[in-house]
Amino acid sequence: MTTADNTLGSIYISHRAIASIASQSALTSYGIVGLAAKNLADSLSHVLVKEPIMGVEVSFSDLVLDIDMYVIVEYGTRIKSVASSVSEIVKYQIENTTGLSVNSVNIHVRGLRISNTD
Amino acid sequence: MIMTNIPLETRETVTDSKTSIKSIDGQKLKRLLEASLLWLKANQQLVNSLNVFPVPDGDTGTNMLLTMQAAYNEIANSNESNIGKMAKDIAQGALMGARGNSGVILSQIWRGFARALDTLPEMDAEILVRALNESRNTAYKGVVRPVEGTILTVIKDVSIAVENAALKSQDLQELIRTAVNAADESVKFTPELLPILKTAGVVDSGGKGLFFILEGMLRYIQGSSLEASAVMVQPLANMDLTDTMEDIEEGQDVEVVIDFSTKEPLDLEIFYQRLSEIGTSIQVGEGDGMYRMHIHVEDEKTNEPLKYIATLGTWSKISMENLKLQMSGKQDSEQGYQLAEFHEGDIAVVAVSPGKGISRILASLGVAAIIEGGQTMNPSTEQILKAFEDLPTNNVIILPNNKNIVLAANTAKSLSVKNVHVVPSTSIPQGLSAMLRLDPEGDADEIAKEMVNALTEVDTCEITTATRSVEINGVEVKNGKFIGLLNGKLLVSGNSVDEACSLLLEKADMTARERITLFYGENIERDEVDVVSQHLSELYPDHEIEIHEGGQPHYHLIISLE
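Here the protein sequences line up with chains A and B, keeping their order.
First residue of the first sequence: 1, per the numbering used here; consecutive thereafter.
First residue of the second sequence: 1, per the numbering used here; consecutive thereafter.
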């Protein structure tokens, strides 16, 4: 659980909530065509519970977040640009919606999707 | 910084603008790409200025330009006449050089375009339609949830419009014109699709970039200039006219700002051309189907801008301002004070002031120039120098009014050729006290000496809040509490301004003084000052008490004891 305090009490934002924001913004980011499970075990458990936040890991200390994302990128795009765009948009959206600060967003490209070969 | 110089070769290589174009080969595509690149470069700043989203595309115009530049570099020396192969190289270059979101999308557009052309030697209308469709499809495939109201929407609208137009015309020039118009319409509609654009009062930047890429091609075919247009049209919401007041010159008597709308889109070059015949300092803003123009004109031409606008469309709002009045009363309206008229050859006193109220008092005492600054915002030597270098006199006295500024004042003195005296006033009360000795027509050396003497005839008390907890001079101070300084020395600490103030005055030699003047700062209300003053008048019934608005930051009260 992630917390921030206001005058009336504490606000708790779960890792899951943050992961949802991350995955939703990643999917609107150009060049990202999907999120991937980190490993097989993860993948199975996600399938079983229909996890909406597969492929995102959130860790947290001292009101600062570190995000790891496992993504599939469209073949034929410049991976470096796509990855840096997605990390910026994820950082921006999380910071903007939660008020927490994001220390790092690590993008792990797990694969490419080939829609067209040239 | 990015661009290499690209010589735009002979225009005839594509076509004469009157004849229709049936097909385009590799070399002609190269020319068109070159034109796109130049035109995008000319409009790069405009595209950059459309950003609303701080991330991820902080500088869309630059990103798209770098992407196009990379695409062009790939083919710069190519003699390939096969358009399919040429397009493939362009796509490859764009892919490798793609920057930012819009750059990546742009590279996908080229990639789709190139795939459709395959290895065809030339492109005709039918192939163009197919290629644009492929561009759109490829672009849309790159994202799970396409956001509408972006460059994606624009390429979609363009491909649909060109497909429809191709049913009627096989002329590629006509189709490119259709593409440009469709892109223009589509870009204008983006705020309806993407609320964040509407809120910011702009259109989508990536879409606008794509528009310029297409328009560059069309302008090349038509033989229009690809230089940066003389007038920068800015989004209306970003238009900031405050700067235009700064350098008003001869012949700029009246400022005219007109809001208007036109039936036809404005031809900005002609518009700008005509305006520049009428006046100067021209700015044009565009947004939400309307325009705003700003111009400075001479007295006799006051009505001309309106007459001209009336020929173009309908005006909705006009505002005019007499710049001559503005010039003479400029400081009064903008800064809240007006300097006394300065007579040539008089002694010019240049004073540093931390707040509006104090500036007003200094101005009323006859200083020739005021430099804003104070505790945490020390003016530079250059600012001080600039304040008096242009004054028509040889005799200058500087009142730094803060111990941190005395050094800069002395440096300014050493840099100036004028006869400069620095009267090392370390507080506002000292500065004001010194000002009372000014006789503008007197002997500068004498007066400076008297001013220096005057510095000791006043005690300065300051009340502020502690920014950290410390113990100084045996006074224990807690962060956030009020502290009182007498002549720069921290002596007391209290829970309120009132408490700190009365404690502080106990430390001062009140019997030697007969007048207490309070200058209150921007962080305290007048009511509170009245309470302090009331309290002081009970404590010191024999002293005269005055209150002035000082407007200084940080210091709740600056108190002068004379």
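Just to be clear, a hint being listed does not mean it is correct.
To be verified - Computed list of lysine-lysine pairs in BS3-like fashion (alpha-carbon distance at most 27 Å, straight line):
| id | chain 1 | residue 1 | chain 2 | residue 2 |
| --- | --- | --- | --- | --- |
| 1 | B | K198 | B | K168 |
| 2 | B | K188 | A | K80 |
| 3 | B | K317 | B | K188 |
| 4 | A | K38 | B | K386 |
| 5 | B | K356 | B | K489 |
| 6 | A | K80 | B | K356 |
Just so you know, the hints here were simulated from the structure itself, not pulled from any lab data.
Please read these numbers as outputs of a predicted model, since none were measured by experiment.
Index of numbered hints that the structure contradicts, given in increasing order: 1, 2, 4 and 6
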